[in-house]
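Enquirer: As given, the protein sequences belong to chains A and B, one line each in that order.
1 is the number of the first residue of the first sequence in our numbering; add one for each residue after it.
1001 is the number of the first residue of the second sequence in our numbering; add one for each residue after it.
Hint data in this document are derived by calculation from the structure and do not stem from the laboratory.
Just so it is clear, CB atoms sit at the ideal spot from N, CA and C, and this is done for glycine as well.
Hints are supplied without guarantee of correctness; some may be wrong.
Derived, one-sided and incomplete: chain B residues facing chain A with beta-carbon distance under 10 angstroms [unchecked claim]:
| no. | residue |
| --- | --- |
| 1 | 1002 |
| 2 | 1008 |
| 3 | 1014 |
| 4 | 1020 |
| 5 | 1021 |
| 6 | 1023 |
| 7 | 1032 |
| 8 | 1131 |
| 9 | 1134 |
| 10 | 1155 |
| 11 | 1166 |
| 12 | 1170 |
| 13 | 1183 |
| 14 | 1184 |
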Amino acid sequence: MSRHQRLLALLVPAILLWPPLREAAEASMFRHMLVVFPALLAAGWFVAGALNARAQAAFARWNGMGLPGLLYVTVVLTIWMIPNALDLATVNWDVDVAKTASLFSAGMVLALSLRQASPVLQTFFVGNWVTMTIFVGVLFQALPTRLCNAYLVGDQVRTGIGMIVLAAAVGSVWAYGIWRRWRASAVVDDGTGVQSS
Amino acid sequence: MRTAILTLAVLIGGVLALDWATAGFTALTSERARQLAVARQPVALPPAVLTTAEGKAQPLEEWLAEQDKATLVSFVYTRCNSICLALGNEFQQMQRQLIEEGLEDRVRLLSISFDPAYDTPERLSRYAERMRADPAVWQFATVRDAQELEQLLDAFGIVIVEDEFGGFEHNAAFHVVAPSNALTAIVDFTKPRRALATALGEREA
């Protein structure tokens, strides 16, 4: 993908803040959390690839092991799972701009941090997100009351199910990747103590 | 070193963001945040003209000031089959308790419909009958002016969402309003006893 194509992803946050579309996208909790959020993260991820090597290296110097970056991503994803924050984003334009900017930047930071993080650190952060998302997803379904004043209770239940499915899918793909990597290294490390690569 | 600085900055930023999102680590939902905010700082209500079940038009401020009583307000619409009925049942029981204990001169009840297009005075008065409301204790009204209604709902923190069946979902609570036209407390609709106690306390304060 060329740099210009990647920069096209900058349009995603702008389009999502365009009032008519914003209203349509945020009218349902399911769309808001399971379409808008992933779209913003993905857009940020793509744009990160358009950064030149110098900018990436400069960020990497501040982002040792990807630790602060992954922490930032965790903070952003946690904040927007809080019903009060989500409600405020649907009502206040400035909060929504903050939401859009933070999720988009979290996508960028995620792309730049994952490759820097060791498999252990990666697994820690991904595992943490999967657990948290499943927990919140169960909560969304199990609570008899509405958590967001802006959303219907049926919508909340569907969102909860969607979050569990998404978290399970991400967790499985992740686990498969780790398993493949582990198997590859196990095959290479054939017990002779001589490691080839 | 740079990594440590950035990590610390992200941590501090994260705590501040969490503080904002949870209204100072006290609320996860906006409903709870609203209750706490009103308890800290009463909200002056915007001007709104009520249309009562008797068909009378009267500014809310005047209606509240007329008698020196605290008012428990709840928001409903008469076609509602779920939460409004629960609120109605609670108001019914409060009405009985107020009359039995001779407290009618201290607290009164007001159900405001947010669906003026359907809830005409006739429909409101029929609804009041169905609820066996005693007009001396419990009254029904709506706000006809769309802009006034919106501002009033905003001040009370009521969010109305249309559901798939042509009705509405809305947050429900008991709102304690002082004769001075100020919203002084919001109590969860599952805690009617506390709502009544708060209203009685409001009258004394």
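Enquirer: Please go over all the hints and tell whether each is borne out by the structure.
Expert: Comparing the hints with the structure gives:
{"no.": "1", "hint": "1002", "verdict": "5 angstroms, holds"}
{"no.": "2", "hint": "1008", "verdict": "9 angstroms, holds"}
{"no.": "3", "hint": "1014", "verdict": "4 angstroms, holds"}
{"no.": "4", "hint": "1020", "verdict": "8 angstroms, holds"}
{"no.": "5", "hint": "1021", "verdict": "4 angstroms, holds"}
{"no.": "6", "hint": "1023", "verdict": "7 angstroms, holds"}
{"no.": "7", "hint": "1032", "verdict": "8 angstroms, holds"}
{"no.": "8", "hint": "1131", "verdict": "24 angstroms, violated"}
{"no.": "9", "hint": "1134", "verdict": "31 angstroms, violated"}
{"no.": "10", "hint": "1155", "verdict": "14 angstroms, violated"}
{"no.": "11", "hint": "1166", "verdict": "13 angstroms, violated"}
{"no.": "12", "hint": "1170", "verdict": "8 angstroms, holds"}
{"no.": "13", "hint": "1183", "verdict": "16 angstroms, violated"}
{"no.": "14", "hint": "1184", "verdict": "20 angstroms, violated"}
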